[in-house]
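Turn these sequences into a full structure, and let the hints guide you.
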Amino acid sequence: MGREVSESCVESLLTEIVSSYCNGFYADKPELAARRIEAIGFQVGHQLSERYTMDRPRFTDHLEAIKFICKDFWSEVFKKQIDNLKTNHRGTFVLQDNRFRWLSRMSVDPSIETLGSIQDPSAMAENKAAQAIGMHLYFPCGIIRGALSNLGIPCAVSADISNLPACKSFHFEFFYSANSLN
Amino acid sequence: MAPVAPRSGDAIFANVERVNAELFTLTYGAIVRQLLTDLEEVEEVNKQLDQMGYNIGIRLIDEFLAKSNVSRCIDFKETAEVIAKKSHGDGFLEGVWSWIHPGFLRKQKRKKMEKRKIENESVGLKMFLGVTATVGNWNAEGTTCSLILEDNPLVDFVELPDTCQGLYYCNILSGVIRGALEMVSMKTEVTWIRDMLRGDDAFELQLKLLKQVPEEYPYKDDE
Amino acid sequence: MIVCVAVVGHQNNPLYIQSFTEADDALKLHHIVHCSLDVVDERVNNPKKSSPTLNETFLGLLYPTENYKVYGYLTNTKVKLILVTTDLDVRDADVRNFFSKFHAAYVDAVSNPFHVPGKKITSRTFAERVSTIVKSFGLSSGS
Amino acid sequence: MAAIYSLYVINKSGGLIFCKDYGSAGKMDTNDSLRLASLWHSMHAISQQLSPVNGCAGIELLQADTFDLHCFQSLTGTKFFVVCEPGALHMESLLKYIYELYTDYVLKNPFYEMEMPIRCELFDINLSQAVQKDRVALLGR
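Residue numbers (our numbering), protein chains in the order written: chain A, 947 to 1128; chain B, 0 to 222; chain C, 21 to 163; chain D, -3 to 137.
Hints are computed from structural coordinates only; laboratory data are not their basis. Fair warning: there could be bad hints in the mix.
Here are the simulated DSBU-like cross-link-like pairs (lysine-lysine), alpha carbons at most 30 Å apart as the crow flies [to be verified]: (1) 8/D / 207/B; (2) 1013/A / 98/C; (3) 1013/A / 139/C; (4) 8/D / 1026/A; (5) 16/D / 1025/A; (6) 89/C / 48/C; (7) 129/D / 210/B; (8) 8/D / 23/D.
Here are some chain A residues the structure puts well away from chain B; computed CB gaps all over 12 Å [as the list claims (entries may be wrong)]: (9) 1034; (10) 1044; (11) 1092.
Which residues of chain B face chain C? A few of them, derived with a C-beta cut under 8 Å, are [what the hints assert, rightly or not]: (12) 25; (13) 29; (14) 31; (15) 156; (16) 157; (17) 201; (18) 203; (19) 207.
Remember, it's a predicted structure, so these values are computed and weren't measured experimentally. Where a beta carbon is used, it is the ideal one built from N, C-alpha and C, also for glycine.
Given below as structure tokens:
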């Protein structure tokens, strides 16, 4: 392994991406902020997949590429492997990480006001905390989508955070329309 | 009371969680690229990067202090003496820097330089390797100094397009340093003197001490 | 001597092509590169089942012409790297070595935050690096 | 193991941002806690002025009949102090460890706003563990 930096550097950047886009210039447009944050992640995932696959044989099928994402890629980025991989064999995959690294320092204050500007008040009242954390998941979702799409698997990625706040287990779900899955 | 030497950057680095630098480098690059798209004006991007750095600095400094043992050693009241201030400032900044970018020290240690040197020479990059940030160019009063980097993980892979000539790509660093120093009562102005992305031979940040805020004294507070 | 190298995207869009000859045969070389792409596709889509090199990124000699030998390499991200040489006696190890350096240079080039995926690689650093790799081709230090 | 009664964190302008009682002894209501915090902040500052020795960083230990108060102030001006049973050992290590927890679980929590009251579940959890843990283990750090 090459150069390293302290993890705080990365964590700080993530915090700042979200706060710049959500509280700064797109304070009143959360969907737009989300899309920008996702785009940043997409670029990173795209580039990382290029780097991390450099010294390995070509994948024979999509499943092999997905396994690579769950194991090697996940370990490089999140310092552990995925805990569980499920699929419905129709293009939907669910990746479960029981201790998702990037949220391991996060606690949400139940009375949180950080995202008080979200436009749909009913959704906000229902689960403000989940929404606040959700903003922090667009970046990793973007990374995964970027990596997969560069490996020839264009897809949509979403993160499920329904089991908040105590449980730090996360589902990343992605869907792609493919008929070549063996 | 002579200050005890703080833990070296190496020792701190051994103590903190690490990730590979590529993730950091590429994430930062993607942020800059996205900001350029969204803010359009290069000047605005510079400002935003500096602000982000500042926000990071004011939080990071505590982790540095907590994990480096510096907390017990440096007493800023002693800084009344210029010489003391200098030596303090020196160790402190280098400490902060090596913590922010511990990769330097580590790389030096691992003797990987030879291989990389060859690689880099082969691509014609006149990059110095195995360097750490140095603090120098103090003025006579001890209020201005420079932080000089000959290597910088933020700019691995980066080539500025012609359309971004006014961009201070690494501006987040000046913000980090400014924020961190402000939290230990030193108001500074941080400006770029040299920038390798603009063709200079090193990165040089000039730190100018504007004022040393005295320690909080409750009676003067805004109560 | 290497006369031409190329990087081609997954939709056969040229990302980088550079010839290294004095003569004015760029067009011809481009044509050779273009033809080799079909061979790559052919090779990848219909792999010889028995081949031990089934999933190797290095595809080996794609086809020889009268004056040239054309080698190919396919990354996991479906990017094709092509090498055209006039050398008749080429060592396999040299070609592999060339591609691994070429690949590394490509990966660094697309790691530039300002590079747009799918667009041509305009980086000067990349061009210089490639030309250095090309010059050192076959200088058998094995490094 | 000697008991810890309570833990306080004061921001650099003297505002109480965290307070937690452990065990039943020495419990105080919110008003008293706030008063204690601002009182301590002032006393700490005065002690620096009173000191005949240059460079005094303020009171580190206050000993009374019924309790000890150990204080640690970071260079950034945040004060951490524990009130504990007289004679409780290794409080400096504990405070230093709490400072680290504060940097990890408060400052790195993106939802925490600087200088504001600390409401971070993970900080609470880790604190409780630290307070109950054998503090000798912290010495080797």
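Outcome of the hint check:
{"no.": "1", "hint": "8/D / 207/B", "result": "holds, 24 Å"}
{"no.": "2", "hint": "1013/A / 98/C", "result": "holds, 18 Å"}
{"no.": "3", "hint": "1013/A / 139/C", "result": "holds, 29 Å"}
{"no.": "4", "hint": "8/D / 1026/A", "result": "violated, 38 Å"}
{"no.": "5", "hint": "16/D / 1025/A", "result": "violated, 34 Å"}
{"no.": "6", "hint": "89/C / 48/C", "result": "holds, 14 Å"}
{"no.": "7", "hint": "129/D / 210/B", "result": "violated, 43 Å"}
{"no.": "8", "hint": "8/D / 23/D", "result": "holds, 24 Å"}
{"no.": "9", "hint": "1034", "result": "holds, 31 Å"}
{"no.": "10", "hint": "1044", "result": "holds, 18 Å"}
{"no.": "11", "hint": "1092", "result": "violated, 9 Å"}
{"no.": "12", "hint": "25", "result": "holds, 6 Å"}
{"no.": "13", "hint": "29", "result": "holds, 6 Å"}
{"no.": "14", "hint": "31", "result": "holds, 6 Å"}
{"no.": "15", "hint": "156", "result": "holds, 4 Å"}
{"no.": "16", "hint": "157", "result": "holds, 6 Å"}
{"no.": "17", "hint": "201", "result": "violated, 18 Å"}
{"no.": "18", "hint": "203", "result": "violated, 22 Å"}
{"no.": "19", "hint": "207", "result": "violated, 30 Å"}
Consistency note: the structure conflicts with the earlier hints numbered 4, 5, 7, 11, 17, 18, 19.
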